[in-house]
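Visitor: Here's the letter readout for the chains.
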Amino acid sequence: MTLKKFLLFLFAVLPVVSAAQHTIKHRTIECEGNIPNEFLTLSSQKFESARKDLDDKEDHLKETKQSFLLESSFLINQVLGSGRVLFNDPVSAYLSEVLDTILANEPDLRSRVRVYALRSSLVNSFTTDDGIILVNLGLVAQLENEAQLAFILCHELVHFTEHHVIEAYVQNEEIKKGQGEFKRGSFNEQMLAKSGYSKGLEKEADRLGLKRFLNTRYSSETIKDVFDVMRYSHLPFDDVAFDKDFFDAAYYRMDDSYFLNQVRPVEANDSENPETDTHPSPTERQQLVNRYVSNATPRENTENHLVSQERFGNIRNLCRFELSNLYLKSNQPVLSIYNSYLLGKTFPNDPFLEKNIGKALYTLSKFKTGGNYGYVHPGFSHIEGESQQLYHLFYRLKPEELCILSTGYIWRLRFKYPQDVDIKAMSEDILGDLIRFYHTPGMFAHERPPDGWDTPDTTNIRNKYDRLKQKSKENPRLTMVKYALVDLFENDTFVELYDRLEQKRWGGTEDPIAKNDLLKKSKDDKRRWKNHGFALGLDRVAVVTPSYTKLDLRSKQQHKFLRSESAKQKFLRQIRKSTEQLNLDSRILDVTLLDSTNVSTFNDITFLNEWVDQRFLQVDVDMINLDQQRVDSIIATYGTEYFTWTGVINYRENKPLMYFYLLYALIPPAIPLAVYYLARPNYDTYYYCITFNLRTGEPVLVNYNNYRKRDARDLMNSSIYDSFWQMKQKPRKG
Amino acid sequence: MRWLTVIFLFVVELSFGQASGYMGRKLLITTEVSFFNALFNPNHNFNKGLNKFSFNVRSTTDIDHVVARNGSVGVTFDVFASGMEYAWNSEKFDELLIPNVDARYGHSRLTGYGYGINYKVFRNPARGGIAPVGGYVKFDLMVLDVRLRPFDKANDIGHSFSDRFFTPVVSFTLGQQRIFWDFLVLRTGIQIGIVPMGISPYLQSLGDGIERGDQQQDLRAHAEARLMTYYLLNVNVGVGFLLPFRKNYRSSN
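Here the protein sequences come in this chain order: A and B. For the first sequence, the working numbering begins at 1 and goes up steadily by one. For the second sequence, the working numbering begins at 1 and goes up steadily by one.
None of these hints come from the bench; they were simulated from the model. The beta-carbon is built from N, C-alpha and C at its ideal position, and this holds for glycine as well. Among these hints, one or two may not hold up.
[Said to hold, decoys possible] Okay, derived cross-link-like pairs now, DSS-like style, lysine-lysine, Cα gap no bigger than 25 Å in a straight line: (1) 26/B with 526/A; (2) 26/B with 709/A; (3) 577/A with 26/B; (4) 26/B with 570/A.
[What the hints assert, rightly or not] Facing chain B, a subset of chain A residues (Cβ under 8 Å, in silico): (5) 352; (6) 533; (7) 534; (8) 581; (9) 715; (10) 717; (11) 718; (12) 719; (13) 722; (14) 725.
[Stated by the list, open to error] Facing chain A, according to a computed beta carbon distance under 10 Å, are these residues of chain B, among others: (15) 21; (16) 22; (17) 23; (18) 24; (19) 125; (20) 127; (21) 129; (22) 132; (23) 133; (24) 134; (25) 178; (26) 180; (27) 182.
My request is simple: use the sequences and hints to build the entire structure.
Guide: Set out below in structure tokens:
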């Protein structure tokens, strides 16, 4: 290669490399590789194996410990199977490497501990008694360096090595039972005792964790700042003033009146409730750690990053990107916008962030139009810091203004990313809303305004009308409504759709349906459903995570874990039997049925469960799928658009109104009835089956049966078969 | 035969309706026993009253076909037997229906068959009533083929005379139907029935007593009044099975 060619190559490549440094092609963090065994093992098996270990030991608290093992085996499995725990992903892999570094000299302990990232925006981490450490993405997003992460892992390791989880459980049970020293304690004293014990364990974890930490080469310089992370854990990962012109476009200007002059000051979360808090206050812990560090022997060659500073930065950014996603999925679109805005400072024009803001605006507009705004906007007065500006803005914007803002933003995104199917679908839907709910003829200017359209000219005022005309240029409706979409009207696709929708809205092409006809149709549908069901005419369906919960509300351990798991296995068999008999091609998507190589199915299950959680709210406000690309790929994988969520909840409780039955007993002819009521156990069983058309997001079958009886085999079989029969059944004509 | 064909066509027509049945099976055959204490009227052994602990019993066989998610149609076949008190009084009638019958024959035995059709409406599917499982209300329309024979209770001798007539019955039942081991049907219920022709004589019997035309008319009026009380209130318990016994499944993974 000649020098000239080399230089040309260098000039061509350099800008790309430098741009790449600030570009993350983010996609949702998902599990990768093989599924670890502990995700696939049944809870009952885990419990049996843990119980065997316990049986070998002499212990007067064996019974309490057994009930702990039972409860924890099932609850941990629930978390592992929920898809929120990530494995073999970049974050978990990095956490494992940090743990490797900490436990480099303790291979035995290392082999007993696993660390996973948890898809949660909360700033927290947990340890289980069987050695699983879960670190929330929200926590990693807030840390400043690897040493702080290492300190947190050391703290969690102590919870495991010192069996804090089971000890706390046993202690709480003793307090509840009023055993030993707690025999005469009042409720408040018991609460204090519980809280005090838990704080004691936390302090021990800090002390021993720090001791372990000081044995590593991590620098202790910044670990005291970990407690600042806790103090401000209620805030986003940064607190930067929101640019008032962030949403401004060609002729769109956000009026100043929508912004606060001053945001609510930030307060450290440092108060301590002696009765309920499980952790000592951050200040107390910080002082404790400072004291230990200052008393420790000085160390040399310590560093803030032992694995890699660059890796830490990348992983933290990954977590911060994922937060935008998580906030959106947990119905916090305003926080999602602010998080994306913060990231946008470092990663300008990032498609993921821009699209995320588009989705959040779409969500806000839909909920404001639909009248359920409280689900996605908690108000602004209690919000601290700069993000309050956004909360205030979205609180003040009228539904019409929010819809216009969202329409403009999403359509501009569409022009920027024309291939994106999600943006395309959102843009068409939001424009539909704008025309259907807020449009009036002549509402929007289609052509660019003349020069000086928004600047009052006071030089040539002849009369009061001139003055009023000039003053009207200051009306915010000019910039936020009239000229808000002018640039969009220069695009043929937009104009074509706008005209079509406008014609439909005002041109009388929509057939008016008489109210009586609607009522009659509704009655007919109800009767048809009662007699013949939904009749979907499907050939293939996927059943996602069937669930079975058995409760006994009369007993101390209300959730009957073992019976629930065995009932679930029967439930799965019955679903399979029913669909086979109906010749309905079905696929059951459940973590317990996967093998270790099915990670893509595991991810699909996670996506589908998150999707349906959101969907229940979104259906009410007529929202479309926000992740149509992923939905389409899942539909292609399973060969069906129809996904079913089904389950059973069965519980037994004490009989209410005992006096009522006693009254029966006092009336001689009603004695047999009273005996029957008294002898009959009080069960309640709920069976549900909901089928969604994944492509449209609409629920197409909703079966909800309630029996005031136990979950007898014939009732369950009948309900299960009937649901799938309705899916298979061809619709009747007429 | 003609009406059987009509019922058959009716059932076939309705069978094209959309119904899931129990695991795909829609045909049930059940036999039930309906009974109630013979408090005020004699049973087929002419015992009555609480101290005798005597019951009026009737057996019913149903063939039901599930035709909708909340309903089934069926045919009913009843076999009944009961008794009534009837005084053969020569002073009351110019000529007795049976010559030479005397006061020993103070009872009559009512036996016979009932043929009918029924429709069961199961409780709203959302309340767990997916036919054929769950709570139901059954409407029955039957024709009774009644045979009536005077009886000498003391000597346990029946007279050679027998009268036969037909009368309709309308009844409805509140019941529960459950299925065990995927084939065995168990049913319980409370039935209320009305014999329309028996309403007027029954009301008369509560007042001045029944008195109708010639003796045959009077006898039948008494019988219908008795059938009215016989069908009025019953508790029933039934057992049966689903058809076909076993469904073949394609395969199981």
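Visitor: Under 10 Å, Cβ to Cβ, is where residue 180/B needs to be relative to chain A, so tell me if that hint holds or is violated.
Guide: holds (7 Å)
Visitor: If you draw a straight line from the CA of residue 577/A to the CA of residue 26/B, is it 25 Å or shorter?
Guide: holds (17 Å)
Visitor: When the nearest CB of chain A is found for residue 23/B, is that gap smaller than 10 Å?
Guide: holds (5 Å)
Visitor: Does residue 533/A meet its interface restraint, that is, does its C-beta lie within less than 8 Å of any C-beta in chain B?
Guide: Since the shortest Cβ distance to chain B is 6 Å, the answer is holds.
Visitor: Have a go at the residue 715/A hint: is there a Cβ in chain B nearer than 8 Å to its own Cβ?
Guide: holds (6 Å)
Visitor: Please check whether residue 129/B passes as an interface residue: C-beta within 10 Å of a C-beta belonging to chain A.
Guide: holds (9 Å)
Visitor: Can you verify the interface hint for residue 132/B: is its Cβ closer than 10 Å to any Cβ in chain A?
Guide: holds (8 Å)
Visitor: Using Cβ atoms only, decide whether residue 22/B comes closer than 10 Å to chain A, and label the hint accordingly.
Guide: holds (6 Å)
Visitor: Let's test the interface hint: is any C-beta of chain A closer than 10 Å to that of residue 127/B?
Guide: With a closest approach of 6 Å, the residue 127/B hint holds.
Visitor: Go through the hint on residue 352/A and say holds or violated, using the shortest Cβ distance to chain B against 8 Å.
Guide: violated (40 Å)
Visitor: Holds or violated: is there a CB of chain B closer than 8 Å to the CB of residue 534/A?
Guide: This interface hint is violated because 10 Å lies over the 8 Å limit.
Visitor: So, as I understand it, the hint says residue 133/B touches chain A; can you test that by seeing if any CB pair is closer than 10 Å?
Guide: holds (4 Å)
Checked against the numbered hints given earlier, the structure breaks hints 5 and 7 and satisfies all the rest.
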